[in-house]
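Q: Generate coordinates for the entire structure from the input sequences, incorporating the hints supplied.
Line order of the protein sequences matches chains A and B.
Heads up, the first sequence is in my numbering, so the first residue is 600 and it goes up one at a time.
Heads up, the second sequence is in my numbering, so the first residue is -3 and it goes up one at a time.
Source of the hints: derived by calculation from the structure; they are not laboratory data.
C-beta: ideal position from N, C-alpha, C; glycine also.
Please note that a few of the clues may not be correct.
Which stretches of chain B does chain A cover? Using the computed rule of at least three CB atoms under 8 Å from a CB of chain A, they are [what the hints assert, rightly or not]:
#: 1; region: 314 to 323
#: 2; region: 341 to 355
#: 3; region: 358 to 367
#: 4; region: 390 to 399
EDC-like cross-link-like pairs, simulated, lysine to aspartate or glutamate; straight-line CA separation at most 16 Å [unchecked claim]:
#: 5; chain 1: B; residue 1: 188; chain 2: B; residue 2: 206
#: 6; chain 1: B; residue 1: 304; chain 2: B; residue 2: 270
#: 7; chain 1: B; residue 1: 261; chain 2: B; residue 2: 311
#: 8; chain 1: B; residue 1: 14; chain 2: B; residue 2: 216
#: 9; chain 1: B; residue 1: 265; chain 2: B; residue 2: 309
#: 10; chain 1: B; residue 1: 338; chain 2: A; residue 2: 918
#: 11; chain 1: B; residue 1: 389; chain 2: B; residue 2: 376
#: 12; chain 1: B; residue 1: 88; chain 2: B; residue 2: 27
#: 13; chain 1: A; residue 1: 912; chain 2: B; residue 2: 394
#: 14; chain 1: A; residue 1: 780; chain 2: B; residue 2: 367
#: 15; chain 1: B; residue 1: 2; chain 2: B; residue 2: 27
#: 16; chain 1: B; residue 1: 261; chain 2: B; residue 2: 250
#: 17; chain 1: B; residue 1: 443; chain 2: B; residue 2: 381
#: 18; chain 1: B; residue 1: 14; chain 2: A; residue 2: 794
#: 19; chain 1: B; residue 1: 389; chain 2: B; residue 2: 370
#: 20; chain 1: B; residue 1: 339; chain 2: A; residue 2: 794
#: 21; chain 1: A; residue 1: 780; chain 2: B; residue 2: 381
#: 22; chain 1: B; residue 1: 472; chain 2: B; residue 2: 206
#: 23; chain 1: A; residue 1: 780; chain 2: B; residue 2: 206
#: 24; chain 1: B; residue 1: 278; chain 2: B; residue 2: 444
#: 25; chain 1: A; residue 1: 912; chain 2: B; residue 2: 275
#: 26; chain 1: B; residue 1: 189; chain 2: B; residue 2: 126
#: 27; chain 1: B; residue 1: 259; chain 2: B; residue 2: 476
#: 28; chain 1: B; residue 1: 315; chain 2: B; residue 2: 255
Chain B residues, not near chain A, derived (Cβ > 10 Å throughout) [as the list claims (entries may be wrong)]:
#: 29; residue: 10
#: 30; residue: 69
#: 31; residue: 91
#: 32; residue: 133
#: 33; residue: 174
#: 34; residue: 232
#: 35; residue: 302
#: 36; residue: 326
#: 37; residue: 334
#: 38; residue: 376
#: 39; residue: 382
#: 40; residue: 408
Listed here are the chains, written in short residue letters.
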Amino acid sequence: MKKKLHISNNMILFVILILLIILFGVLIPDGIFFNPSVLIGTTSDIAYLGIMALPMTFIILTAGIDLSVGFLMTASAMVFSKVFTMTESLTVGIIAALAAGMLFGFLNGILVAKTKIHSWLVSLGTMYIFQSVTWFIGGSHSYAPGNALIDFGTGKIAGIIPNQLIILLICFLIFELLDTKSTLGRYLHAIGHNESAVIYSGVNAKMIQCLIFVMMGVMCALAGLMFLGKSWEVNQTTGLNMNIEVITLVVLGGTSVAGGVGSVRGTFIATLIIGVLKKGLALMGMSGDVYNFILGAVLIVALIAFAYLEVRKRLASREMAVKNMNE
Amino acid sequence: MSTILKLEHIYKSFPGVKALDDMQIELEQGEMHAVCGENGAGKSTLMKVITGVYKADNGNMYLNGEKITVKEPNDAYGKGIAIIFQETSLFKDLTVLENMFMGHEPVKSICGIKNLDYAAMYKKADEIFEFLGITDISYDEKIDNLGVAAKQMVEIAKALTYDANILIFDEPTAALTNKEVRSLFETIARLKKQGISMLYISHRMEEIFEIADRVTVIRDGSYVRTANIGEVTEQQLIAWMVGREMGDLYPKVEVELGEPVLKVKNLNKPGLLEDISFEVRKGEILGFAGLAGAGRTEIAECLCGLMKHYSADIEFMGKSFKAKSYRDAIKEGLIYVSEDRKKYGLVVPMSIKENMTMSILYRISKGSFIDFAEEDKTVEKYMKDLGVKAPDKDFVVDNLSGGNQQKVLVAKALCANPSLLILDEPTRGVDVGAKAEIHRIVSNLAKEGLSIIMISSDMPELLGMSDRVVVIKNGKKTGELERKDFSQEQVLEMAL
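A: Written out as structure tokens, the structure reads:
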């Protein structure tokens, strides 16, 4: 009885990913989808979303949320465009953008840590602020970045692996390590389950909450640069709905909005799934509306599967508990 | 007297476990019948079988000599059996009256439409309130605005709206103050006089001896024996519950006391604490007595830096000390173990390992990354030292019994190498067997030279374990007693 197959959320996600790849491989003529450069390229288009989903996983693990990410990204990208146009220095522009992202993130973090207002509401407020900051800086213009950024943003290593994907992979590895091996990761899960108990363990939980919002800000700025590197420009409507897209990746990755449960790994696989889905449907000539429909369906199927696993896990652990107590 | 309810040969299994194994119990008309057993002995399962929440796999149940089956809770109510839950089942945003008749509201038809019959409700409620002698609860009050004791009264009143003649109490006094307990017992006496039969689950021995007529002891899902309360002693009951002789209940070891480890002078916190001074010596167990809310927990939280904005002269380990944060206190070896295990003590959905090292993670990490080998070593040592009963260190804390959870909590504190340990209600909600074990652990720690402050509302425990007792009342120190001068009366006098 003990040797029951242990199915995890991530296994389900992985199966979904494989099924989608096979499905598109068969449906799209001439096996174009199986072409390595197409397949590897699927995720690079949304790498900037994946980058934002990594710290978002941390925030949602602590039972928080950040709705401001879309416009935080846009505002940071706008800072880059403006500074770059003025100084014509890529380095200065990038540093300015990352610093701006850090500052915006710190604003979120300090508000969440110091007030008793839920991050849901704090970031709703700052979302509007960041949108208008974008407008203050850029006006109604769109700024295009220099060729250097575009060259890098659309470039590939060895002619096959897109730079965007490389950056996503590096970030993923860093966040994966933090999640599974660091004290921070341990504390994040614990805060999501029971913040009081973490504080009563002598851990500065408020500082950690502030820190993850700062991380979010920096990663949003990085995402903004990646976005500029492939889309040429940003304007003040760019970040619209991006917060929902990022949250979707995290939730599809099996992280519970109730906090405590989830993994960076799940978010990463979810990013791959969305990448495959978007590219596959585009290659089949489907419109965005079809994509939305299928995305919704995949999300719901995954969530039902997670819920089923959760119930199964609870029953199993209940059983073990009773057994342990009666021993 | 005649037997009103009788259960025999009751079996109930859950996947992998026998929760009830040939269980039996007999309740007589108008008696107060206590049911005792350790946590996990099957008390709650038995009550759930009686009230139809669970269906027994096998066995017979007789009501007034007639064989009955109870398929679901509503069946039980229909037969006059009602349970007063440990945590009340009332809807907090509804009124007292609405709650009392929830699910079986009297109705009257007006033009073919069924309407709530408030007149009938008030009439019935009046009768019940008079019967119970309740005068201070208004029908229109929202449940949320009532205290724990009043909620319990409403719960009893609700049971009576079903014309219940068998009432089951599941640890009703767990959350009550002494005064509230007295008034609950008066109500119980009243119910008894009216011929209502009651089953009463409780951990508190002194209560059982005070109000019960008979007691049934169960262990590991099996029936042990039933006895008249006048014919047993507390020691005997406990021995039946744990299945062995317990030996000394409070295994206090005499320890040669050393130098003072902590000296606190004039601890003040506006509105909470006033001019509190005391000392703890090496190897000493200092008891803190007082009512809930007297300020004992606040003293501990000030010392540990968990509470701010206070003034005091504190000397710890020979130097002046004031913790800015709890981390400061942990670094110095001053550890606080909270009374609220599930809220402040442990992250219950996480594993034993993750909980034990929560406050020392910074010590067993290289840079920002956890040294897993070191962590495993630490956890295994303390699990073994304290005898935590679990399959492995990755077992989820939520699935442990209360006693084992408490051991994990103590282990978490010991991991931090304390010089002074503050234990706040260390045996609350823990069954007798585990309680004795925790006392033994505490006693051994003191013997090894650890200084301990023990805050407890359990008077026998406090007097049994402490070298000295400080009494706190309304944020002020009202007395201090040496072990040779201990008397329950005197402590109570100073605390009340």
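Q: Are the hints correct? Go through all of them and say.
A: These are the hints, each one checked on the structure:
no.: 1; hint: 314 to 323; verdict: holds (count 3)
no.: 2; hint: 341 to 355; verdict: holds (count 9)
no.: 3; hint: 358 to 367; verdict: holds (count 5)
no.: 4; hint: 390 to 399; verdict: holds (count 6)
no.: 5; hint: 188/B to 206/B; verdict: holds, 14 Å
no.: 6; hint: 304/B to 270/B; verdict: holds, 15 Å
no.: 7; hint: 261/B to 311/B; verdict: holds, 9 Å
no.: 8; hint: 14/B to 216/B; verdict: holds, 9 Å
no.: 9; hint: 265/B to 309/B; verdict: holds, 13 Å
no.: 10; hint: 338/B to 918/A; verdict: violated, 21 Å
no.: 11; hint: 389/B to 376/B; verdict: holds, 7 Å
no.: 12; hint: 88/B to 27/B; verdict: violated, 32 Å
no.: 13; hint: 912/A to 394/B; verdict: holds, 13 Å
no.: 14; hint: 780/A to 367/B; verdict: holds, 9 Å
no.: 15; hint: 2/B to 27/B; verdict: holds, 13 Å
no.: 16; hint: 261/B to 250/B; verdict: violated, 27 Å
no.: 17; hint: 443/B to 381/B; verdict: holds, 15 Å
no.: 18; hint: 14/B to 794/A; verdict: violated, 36 Å
no.: 19; hint: 389/B to 370/B; verdict: holds, 14 Å
no.: 20; hint: 339/B to 794/A; verdict: holds, 9 Å
no.: 21; hint: 780/A to 381/B; verdict: violated, 27 Å
no.: 22; hint: 472/B to 206/B; verdict: violated, 32 Å
no.: 23; hint: 780/A to 206/B; verdict: violated, 55 Å
no.: 24; hint: 278/B to 444/B; verdict: holds, 10 Å
no.: 25; hint: 912/A to 275/B; verdict: violated, 49 Å
no.: 26; hint: 189/B to 126/B; verdict: holds, 14 Å
no.: 27; hint: 259/B to 476/B; verdict: holds, 15 Å
no.: 28; hint: 315/B to 255/B; verdict: holds, 13 Å
no.: 29; hint: 10; verdict: violated, 6 Å
no.: 30; hint: 69; verdict: holds, 21 Å
no.: 31; hint: 91; verdict: holds, 30 Å
no.: 32; hint: 133; verdict: holds, 32 Å
no.: 33; hint: 174; verdict: holds, 28 Å
no.: 34; hint: 232; verdict: holds, 24 Å
no.: 35; hint: 302; verdict: violated, 7 Å
no.: 36; hint: 326; verdict: violated, 4 Å
no.: 37; hint: 334; verdict: violated, 6 Å
no.: 38; hint: 376; verdict: holds, 18 Å
no.: 39; hint: 382; verdict: holds, 16 Å
no.: 40; hint: 408; verdict: violated, 8 Å
Hint compliance for this structure: hints 10, 12, 16, 18, 21, 22, 23, 25, 29, 35, 36, 37, 40 are not met, and every other hint is.
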